[in-house]
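Student: Sequence:
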Amino acid sequence: MEKINGMSMDIEKSERNKLQALFPQCFKEGKLDIDMLLNLCGEYIDEDFEKYNFQWKGKAECFRIAGKRSTGTLRPTPEESVSFDTTKNLYIEGDNLEVLKLLQTAYFRKVKMIYIDPPYNTGNDFVYNDDFADPIAHYKEVTGQATKSNPESMGRFHTAWLNMMYPRLRLAANLLRDDGAIFVSIDDREVHNTRKICDEVFGEENFIGTILWKKKTNGNNMGVIPPVHDYIVVYAKSADNIGEIGYEVTEDFINKTYSNPDNDPRGVWTTMDLSANHVGPHFSITNSETGDVFLPPEGRYWVFNEEEVMRRIAEGRIIFGKTGKSRPVQKVFAAERLSVTRHGKDVETLEIATK
239 MEKINGMSMD
249 IEKSERNKLQ
259 ALFPQCFKEG
269 KLDIDMLLNL
279 CGEYIDEDFE
289 KYNFQWKGKA
299 ECFRIAGKRS
309 TGTLRPTPEE
319 SVSFDTTKNL
329 YIEGDNLEVL
339 KLLQTAYFRK
349 VKMIYIDPPY
359 NTGNDFVYND
369 DFADPIAHYK
379 EVTGQATKSN
389 PESMGRFHTA
399 WLNMMYPRLR
409 LAANLLRDDG
419 AIFVSIDDRE
429 VHNTRKICDE
439 VFGEENFIGT
449 ILWKKKTNGN
459 NMGVIPPVHD
469 YIVVYAKSAD
479 NIGEIGYEVT
489 EDFINKTYSN
499 PDNDPRGVWT
509 TMDLSANHVG
519 PHFSITNSET
529 GDVFLPPEGR
539 YWVFNEEEVM
549 RRIAEGRIIF
559 GKTGKSRPVQ
569 KVFAAERLSV
579 TRHGKDVETL
589 EIATK
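All you need for the working numbering is the position in the sequence shown, starting with 1, plus 238.
Worth double-checking, as some hints may not be accurate.
Under the rule of at most 20 Å between Cα atoms (straight-line distance), these lysine to aspartate or glutamate pairs were calculated in the DMTMM-like manner [said to hold, decoys possible]: (1) LYS453 - ASP468; (2) LYS266 - GLU253; (3) LYS453 - ASP355; (4) LYS453 - ASP511; (5) LYS295 - ASP437; (6) LYS306 - GLU336; (7) LYS251 - GLU299; (8) LYS348 - ASP248; (9) LYS297 - GLU336; (10) LYS569 - ASP511; (11) LYS563 - GLU553; (12) LYS348 - ASP417; (13) LYS569 - GLU553; (14) LYS295 - GLU438; (15) LYS452 - ASP468; (16) LYS348 - GLU250; (17) LYS453 - GLU546; (18) LYS452 - ASP355; (19) LYS306 - GLU253; (20) LYS306 - GLU250; (21) LYS563 - ASP530; (22) LYS434 - ASP355; (23) LYS452 - ASP511; (24) LYS452 - ASP426.
By construction, these hints were calculated from the structure, which means they are not laboratory data.
Given only the sequences and the hints, what does the whole structure look like? Please build it.
Tutor: Laid out in C-alpha coordinates, this is it:
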(Lines of atoms letter the chains of each structure in order from A and count residues from 1; the text may use other names and numbers.)
(Lines give C-alpha, C1' and ligand atoms only; values in the text may rest on other atoms or scores of the structure.)
Protein backbone atom coordinates (compact mmCIF):
# COMPACT_ATOMS: atom_id res chain seq x y z
CA MET A 1 0.00 0.00 0.00
CA GLU A 2 1.35 3.40 -1.00
CA LYS A 3 1.97 5.72 1.93
CA ILE A 4 0.79 9.31 1.80
CA ASN A 5 3.14 11.81 3.42
CA GLY A 6 0.45 14.48 3.77
CA MET A 7 2.49 17.19 2.06
CA SER A 8 1.63 19.27 -0.96
CA MET A 9 3.35 18.76 -4.31
CA ASP A 10 7.12 19.34 -4.30
CA ILE A 11 7.18 21.87 -7.14
CA GLU A 12 10.90 22.61 -6.88
CA LYS A 13 11.85 18.93 -7.14
CA SER A 14 9.58 18.44 -10.13
CA GLU A 15 11.11 21.38 -11.99
CA ARG A 16 14.65 20.36 -11.03
CA ASN A 17 14.08 16.83 -12.35
CA LYS A 18 12.88 18.21 -15.69
CA LEU A 19 15.94 20.42 -15.98
CA GLN A 20 18.32 17.63 -14.99
CA ALA A 21 16.81 15.30 -17.60
CA LEU A 22 17.54 17.89 -20.30
CA PHE A 23 20.92 19.14 -19.00
CA PRO A 24 22.55 16.47 -16.83
CA GLN A 25 25.96 18.08 -17.36
CA CYS A 26 24.73 21.16 -15.45
CA PHE A 27 24.38 19.25 -12.19
CA LYS A 28 27.41 18.58 -10.02
CA GLU A 29 27.01 16.68 -6.76
CA GLY A 30 23.27 17.29 -6.98
CA LYS A 31 23.66 21.07 -7.32
CA LEU A 32 22.77 23.17 -10.35
CA ASP A 33 25.75 24.87 -12.01
CA ILE A 34 24.01 27.96 -13.32
CA ASP A 35 27.11 29.21 -15.16
CA MET A 36 27.31 25.96 -17.12
CA LEU A 37 23.62 26.19 -17.97
CA LEU A 38 24.05 29.73 -19.25
CA ASN A 39 27.07 28.73 -21.33
CA LEU A 40 25.15 25.85 -22.93
CA CYS A 41 22.36 28.28 -23.85
CA GLY A 42 24.80 30.74 -25.41
CA GLU A 43 24.54 33.22 -22.54
CA TYR A 44 28.21 33.63 -21.68
CA ILE A 45 29.24 35.29 -18.41
CA ASP A 46 30.66 38.74 -19.15
CA GLU A 47 30.78 40.13 -15.58
CA ASP A 48 28.59 43.06 -16.64
CA PHE A 49 26.45 43.99 -13.66
CA GLU A 50 24.87 47.03 -15.30
CA LYS A 51 21.93 45.14 -16.79
CA TYR A 52 18.21 45.83 -16.65
CA ASN A 53 16.99 43.93 -13.62
CA PHE A 54 13.87 43.92 -11.46
CA GLN A 55 15.05 43.49 -7.87
CA TRP A 56 13.80 44.29 -4.39
CA LYS A 57 14.67 43.22 -0.87
CA GLY A 58 13.12 39.83 -0.19
CA LYS A 59 12.82 38.59 -3.77
CA ALA A 60 15.03 35.56 -3.15
CA GLU A 61 12.86 34.67 -0.14
CA CYS A 62 9.79 34.72 -2.41
CA PHE A 63 11.15 31.68 -4.25
CA ARG A 64 11.63 29.85 -0.95
CA ILE A 65 8.12 30.71 0.20
CA ALA A 66 6.59 29.52 -3.09
CA GLY A 67 8.60 26.30 -3.00
CA LYS A 68 7.99 25.46 0.66
CA ARG A 69 5.62 22.51 0.83
CA SER A 70 2.43 22.69 2.83
CA THR A 71 1.18 20.10 5.30
CA GLY A 72 -2.32 21.55 5.37
CA THR A 73 -5.45 19.64 4.46
CA LEU A 74 -8.64 20.79 2.78
CA ARG A 75 -11.62 19.74 4.90
CA PRO A 76 -15.06 19.50 3.24
CA THR A 77 -18.00 21.03 5.09
CA PRO A 78 -21.21 19.54 3.61
CA GLU A 79 -23.29 21.14 6.35
CA GLU A 80 -22.32 24.62 5.14
CA SER A 81 -22.65 23.77 1.44
CA VAL A 82 -25.40 23.93 -1.15
CA SER A 83 -25.97 20.76 -3.23
CA PHE A 84 -22.66 19.36 -1.98
CA ASP A 85 -22.88 16.08 -3.93
CA THR A 86 -23.94 17.57 -7.28
CA THR A 87 -22.51 21.08 -7.50
CA LYS A 88 -19.82 21.83 -10.05
CA ASN A 89 -18.51 24.78 -8.08
CA LEU A 90 -15.87 24.79 -5.37
CA TYR A 91 -15.38 27.50 -2.75
CA ILE A 92 -12.28 27.22 -0.58
CA GLU A 93 -11.87 29.35 2.53
CA GLY A 94 -8.35 29.83 3.86
CA ASP A 95 -5.09 31.68 3.33
CA ASN A 96 -4.69 31.93 -0.44
CA LEU A 97 -0.96 31.10 -0.38
CA GLU A 98 -1.50 27.81 1.43
CA VAL A 99 -4.56 26.99 -0.66
CA LEU A 100 -2.61 27.58 -3.88
CA LYS A 101 -0.01 25.09 -2.69
CA LEU A 102 -2.67 22.50 -1.86
CA LEU A 103 -4.22 22.91 -5.31
CA GLN A 104 -0.97 22.09 -7.10
CA THR A 105 -1.34 18.31 -7.01
CA ALA A 106 -4.92 18.15 -8.30
CA TYR A 107 -4.93 21.16 -10.62
CA PHE A 108 -1.34 21.41 -11.87
CA ARG A 109 -1.61 22.76 -15.47
CA LYS A 110 -5.37 22.09 -15.58
CA VAL A 111 -6.98 25.51 -15.05
CA LYS A 112 -7.99 27.49 -18.13
CA MET A 113 -8.72 30.87 -16.57
CA ILE A 114 -7.72 32.55 -13.31
CA TYR A 115 -9.07 35.86 -12.08
CA ILE A 116 -7.48 37.50 -9.04
CA ASP A 117 -8.48 40.64 -7.19
CA PRO A 118 -5.44 41.29 -5.01
CA PRO A 119 -5.02 44.09 -2.45
CA TYR A 120 -4.46 47.39 -4.22
CA ASN A 121 -1.86 48.39 -1.60
CA THR A 122 -3.78 51.28 -0.10
CA GLY A 123 -1.64 50.97 3.04
CA ASN A 124 -4.02 48.97 5.23
CA ASP A 125 -5.54 46.33 2.96
CA PHE A 126 -3.26 43.32 3.46
CA VAL A 127 -0.99 41.55 5.94
CA TYR A 128 2.51 41.16 4.52
CA ASN A 129 3.98 38.44 6.73
CA ASP A 130 3.92 34.91 5.31
CA ASP A 131 5.37 33.26 8.40
CA PHE A 132 2.91 30.62 9.59
CA ALA A 133 4.92 29.50 12.61
CA ASP A 134 2.31 31.08 14.88
CA PRO A 135 -1.12 30.46 13.32
CA ILE A 136 -2.94 32.34 16.10
CA ALA A 137 -0.89 35.48 15.54
CA HIS A 138 -1.42 35.17 11.79
CA TYR A 139 -5.16 34.77 12.31
CA LYS A 140 -5.26 37.94 14.41
CA GLU A 141 -3.44 39.85 11.68
CA VAL A 142 -5.79 38.65 8.96
CA THR A 143 -8.91 39.39 11.00
CA GLY A 144 -7.76 42.87 11.96
CA GLN A 145 -6.98 42.11 15.59
CA ALA A 146 -3.39 43.20 15.09
CA THR A 147 -2.04 46.42 13.59
CA LYS A 148 0.55 44.94 11.26
CA SER A 149 -0.36 46.42 7.88
CA ASN A 150 1.61 48.11 5.13
CA PRO A 151 1.60 51.89 5.64
CA GLU A 152 3.82 54.02 3.45
CA SER A 153 5.59 55.27 6.57
CA MET A 154 7.20 51.86 7.16
CA GLY A 155 9.62 52.50 4.27
CA ARG A 156 8.95 49.23 2.43
CA PHE A 157 5.60 50.13 0.87
CA HIS A 158 6.11 48.55 -2.57
CA THR A 159 8.57 45.96 -1.32
CA ALA A 160 6.06 44.42 1.09
CA TRP A 161 3.42 44.26 -1.64
CA LEU A 162 5.85 42.61 -4.07
CA ASN A 163 6.84 40.03 -1.46
CA MET A 164 3.18 39.21 -0.92
CA MET A 165 2.30 38.95 -4.63
CA TYR A 166 5.30 37.19 -6.17
CA PRO A 167 5.00 33.71 -4.62
CA ARG A 168 1.25 33.67 -5.20
CA LEU A 169 1.62 34.51 -8.89
CA ARG A 170 4.29 31.84 -9.32
CA LEU A 171 1.97 29.24 -7.81
CA ALA A 172 -0.96 30.48 -9.88
CA ALA A 173 1.13 30.18 -13.06
CA ASN A 174 1.71 26.49 -12.32
CA LEU A 175 -2.04 25.86 -12.41
CA LEU A 176 -2.65 27.30 -15.88
CA ARG A 177 -3.11 25.07 -18.89
CA ASP A 178 -1.14 25.74 -22.06
CA ASP A 179 -4.17 27.62 -23.43
CA GLY A 180 -4.92 29.30 -20.10
CA ALA A 181 -4.90 32.96 -19.10
CA ILE A 182 -4.82 35.02 -15.92
CA PHE A 183 -6.66 38.31 -15.29
CA VAL A 184 -5.33 40.58 -12.51
CA SER A 185 -7.37 43.52 -11.23
CA ILE A 186 -5.28 46.43 -9.96
CA ASP A 187 -5.24 50.24 -9.74
CA ASP A 188 -2.69 52.98 -10.37
CA ARG A 189 -0.69 52.28 -7.19
CA GLU A 190 0.75 48.95 -8.34
CA VAL A 191 -0.16 48.47 -12.00
CA HIS A 192 3.45 49.13 -13.02
CA ASN A 193 4.79 46.53 -10.59
CA THR A 194 2.07 44.08 -11.62
CA ARG A 195 3.31 44.27 -15.19
CA LYS A 196 6.91 43.77 -14.09
CA ILE A 197 6.11 40.74 -11.92
CA CYS A 198 3.93 39.15 -14.57
CA ASP A 199 6.54 39.79 -17.26
CA GLU A 200 8.95 37.76 -15.15
CA VAL A 201 6.55 35.01 -14.06
CA PHE A 202 4.66 34.50 -17.32
CA GLY A 203 7.11 36.01 -19.83
CA GLU A 204 6.89 39.37 -21.63
CA GLU A 205 5.88 37.58 -24.81
CA ASN A 206 2.74 36.29 -23.10
CA PHE A 207 1.35 39.71 -22.21
CA ILE A 208 -2.07 39.93 -23.88
CA GLY A 209 -3.12 43.43 -22.91
CA THR A 210 -4.52 45.72 -20.25
CA ILE A 211 -8.26 46.22 -19.97
CA LEU A 212 -9.23 49.66 -18.71
CA TRP A 213 -12.56 49.64 -16.87
CA LYS A 214 -14.51 52.57 -15.54
CA LYS A 215 -15.16 52.02 -11.83
CA LYS A 216 -16.82 55.40 -11.21
CA THR A 217 -18.79 57.81 -13.31
CA ASN A 218 -16.61 60.65 -12.09
CA GLY A 219 -13.80 61.15 -9.61
CA ASN A 220 -15.43 64.02 -7.74
CA ASN A 221 -12.60 66.29 -8.87
CA MET A 222 -10.11 64.42 -6.70
CA GLY A 223 -6.51 65.09 -7.69
CA VAL A 224 -5.23 66.44 -10.99
CA ILE A 225 -6.71 63.47 -12.89
CA PRO A 226 -9.77 62.03 -11.09
CA PRO A 227 -9.37 58.30 -10.25
CA VAL A 228 -12.33 56.94 -12.22
CA HIS A 229 -10.73 53.80 -13.69
CA ASP A 230 -8.90 50.63 -12.72
CA TYR A 231 -7.03 48.03 -14.77
CA ILE A 232 -7.26 44.33 -15.53
CA VAL A 233 -3.86 43.04 -16.65
CA VAL A 234 -4.09 39.92 -18.85
CA TYR A 235 -1.36 37.32 -19.42
CA ALA A 236 -1.48 33.96 -21.16
CA LYS A 237 0.40 30.81 -20.25
CA SER A 238 1.32 30.79 -23.95
CA ALA A 239 0.18 33.64 -26.21
CA ASP A 240 0.30 31.29 -29.20
CA ASN A 241 -2.39 29.09 -27.63
CA ILE A 242 -4.69 31.67 -26.09
CA GLY A 243 -7.14 31.97 -28.97
CA GLU A 244 -9.44 34.95 -29.28
CA ILE A 245 -10.97 37.24 -26.67
CA GLY A 246 -14.07 39.00 -27.94
CA TYR A 247 -16.65 41.47 -26.69
CA GLU A 248 -20.38 41.05 -26.88
CA VAL A 249 -23.62 41.55 -25.03
CA THR A 250 -25.49 38.26 -25.08
CA GLU A 251 -29.03 38.26 -26.44
CA ASP A 252 -30.35 36.34 -23.43
CA PHE A 253 -28.92 38.96 -21.04
CA ILE A 254 -30.51 41.78 -23.07
CA ASN A 255 -33.92 40.11 -23.09
CA LYS A 256 -33.90 39.68 -19.31
CA THR A 257 -32.45 43.04 -18.32
CA TYR A 258 -33.27 45.64 -20.96
CA SER A 259 -36.47 47.03 -22.46
CA ASN A 260 -37.59 50.10 -24.41
CA PRO A 261 -40.95 51.25 -23.05
CA ASP A 262 -40.59 54.78 -24.47
CA ASN A 263 -39.31 53.66 -27.90
CA ASP A 264 -36.00 55.46 -27.41
CA PRO A 265 -34.18 55.51 -30.78
CA ARG A 266 -30.96 54.51 -29.01
CA GLY A 267 -32.46 51.10 -28.35
CA VAL A 268 -33.29 49.00 -25.31
CA TRP A 269 -32.19 50.32 -21.93
CA THR A 270 -32.25 49.73 -18.21
CA THR A 271 -31.76 52.05 -15.24
CA MET A 272 -28.84 52.63 -12.88
CA ASP A 273 -28.63 54.56 -9.63
CA LEU A 274 -27.55 58.18 -10.00
CA SER A 275 -25.99 58.21 -6.52
CA ALA A 276 -23.05 56.48 -4.86
CA ASN A 277 -21.72 56.10 -1.32
CA HIS A 278 -18.40 57.85 -2.02
CA VAL A 279 -17.99 61.58 -1.43
CA GLY A 280 -19.08 63.64 -4.42
CA PRO A 281 -21.41 66.39 -5.64
CA HIS A 282 -24.37 67.19 -3.40
CA PHE A 283 -27.07 69.48 -4.83
CA SER A 284 -30.79 69.44 -5.57
CA ILE A 285 -32.18 68.15 -8.87
CA THR A 286 -35.54 69.51 -10.00
CA ASN A 287 -37.97 67.73 -12.28
CA SER A 288 -38.94 70.63 -14.56
CA GLU A 289 -42.20 68.97 -15.55
CA THR A 290 -43.54 68.31 -12.02
CA GLY A 291 -41.52 70.72 -9.89
CA ASP A 292 -40.43 67.90 -7.57
CA VAL A 293 -37.01 68.47 -5.96
CA PHE A 294 -34.64 65.61 -5.15
CA LEU A 295 -31.47 65.29 -3.08
CA PRO A 296 -29.23 62.22 -2.93
CA PRO A 297 -30.32 59.59 -0.37
CA GLU A 298 -28.85 60.06 3.09
CA GLY A 299 -25.13 59.26 3.18
CA ARG A 300 -24.84 59.24 -0.62
CA TYR A 301 -23.85 61.72 -3.34
CA TRP A 302 -24.59 62.26 -7.02
CA VAL A 303 -22.15 60.63 -9.42
CA PHE A 304 -22.23 63.64 -11.81
CA ASN A 305 -21.70 67.33 -11.19
CA GLU A 306 -24.58 69.76 -11.77
CA GLU A 307 -23.58 70.77 -15.28
CA GLU A 308 -23.30 67.12 -16.38
CA VAL A 309 -26.66 66.26 -14.80
CA MET A 310 -28.38 69.06 -16.73
CA ARG A 311 -26.77 67.95 -19.98
CA ARG A 312 -27.86 64.35 -19.48
CA ILE A 313 -31.40 65.37 -18.56
CA ALA A 314 -31.58 67.34 -21.81
CA GLU A 315 -30.34 64.28 -23.73
CA GLY A 316 -32.87 62.01 -22.02
CA ARG A 317 -30.12 60.03 -20.28
CA ILE A 318 -31.38 60.94 -16.81
CA ILE A 319 -35.06 60.35 -16.15
CA PHE A 320 -37.32 60.59 -13.13
CA GLY A 321 -38.23 56.94 -13.11
CA LYS A 322 -40.01 55.18 -15.97
CA THR A 323 -43.19 57.06 -15.01
CA GLY A 324 -41.53 60.46 -14.63
CA LYS A 325 -42.51 60.83 -10.98
CA SER A 326 -39.67 59.17 -9.07
CA ARG A 327 -36.13 59.95 -7.89
CA PRO A 328 -33.81 60.56 -10.89
CA VAL A 329 -31.95 57.58 -12.33
CA GLN A 330 -29.60 57.01 -15.26
CA LYS A 331 -30.61 55.39 -18.51
CA VAL A 332 -28.10 52.73 -19.56
CA PHE A 333 -28.35 51.53 -23.17
CA ALA A 334 -27.48 47.96 -24.12
CA ALA A 335 -25.79 49.13 -27.32
CA GLU A 336 -23.30 51.15 -25.27
CA ARG A 337 -22.36 48.42 -22.83
CA LEU A 338 -19.99 45.54 -23.58
CA SER A 339 -19.33 42.41 -21.59
CA VAL A 340 -16.17 40.38 -22.04
CA THR A 341 -16.71 36.80 -23.14
CA ARG A 342 -14.26 34.08 -23.98
CA HIS A 343 -14.93 32.38 -27.31
CA GLY A 344 -14.36 28.67 -27.57
CA LYS A 345 -14.86 25.69 -25.31
CA ASP A 346 -16.02 25.65 -21.72
CA VAL A 347 -13.76 27.58 -19.39
CA GLU A 348 -12.66 26.11 -16.07
CA THR A 349 -12.12 29.13 -13.87
CA LEU A 350 -10.25 29.65 -10.63
CA GLU A 351 -11.04 32.91 -8.84
CA ILE A 352 -8.60 33.85 -6.09
CA ALA A 353 -10.04 36.47 -3.78
CA THR A 354 -7.26 38.04 -1.76
CA LYS A 355 -8.94 41.14 -0.35
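Student: Can the restraint linking LYS453 and GLU546 be considered satisfied, given a maximum Cα separation of 20 Å?
Tutor: Distance ~18 Å between LYS453 and GLU546 Cα, so the pair holds.
Student: Decide if the proposed pair is consistent with the structure: LYS297 and GLU336, CA atoms, cutoff 20 Å inclusive.
Tutor: holds (19 Å)
Student: Run the distance test for LYS306 versus GLU250: straight-line Cα separation, threshold 20 Å.
Tutor: holds (9 Å)
Student: Please work out if LYS348 and ASP248 have their alpha carbons no farther apart than 20 Å.
Tutor: Holds: LYS348 and ASP248 sit about 17 Å apart, inside 20 Å.
Student: Next pair to validate is LYS295 with GLU438; report whether the Cα-Cα distance is within 20 Å.
Tutor: Roughly 16 Å separates the two Cα atoms, so the pair holds.
Student: Next pair to validate is LYS348 with GLU250; report whether the Cα-Cα distance is within 20 Å.
Tutor: holds (18 Å)
Student: For the pair we were handed, LYS306 and GLU336, check the Cα-Cα distance against 20 Å.
Tutor: holds (10 Å)
Student: So if I understand the rule, the pair passes when the alpha-carbon distance is 20 Å or less; does LYS452 with ASP511 pass?
Tutor: Between LYS452 and ASP511 the Cα gap is close to 15 Å, so the pair holds against 20 Å.
Student: Holds or violated: are the alpha carbons of LYS569 and ASP511 at most 20 Å from each other?
Tutor: holds (9 Å)
Student: Quick one, are LYS452 and ASP426 close enough, alpha carbons at most 20 Å?
Tutor: holds (13 Å)
Student: Quickly compare the C-alpha distance for LYS266 and GLU253 to 20 Å and report which way the hint goes.
Tutor: holds (17 Å)
Student: For the pair supplied as a hint, LYS453 and ASP355, is the alpha-carbon distance within the 20 Å limit?
Tutor: Given that 20 Å is the threshold and the Cα spacing comes to 14 Å, the pair holds.
Hint violations for this structure: none, all hints satisfied.
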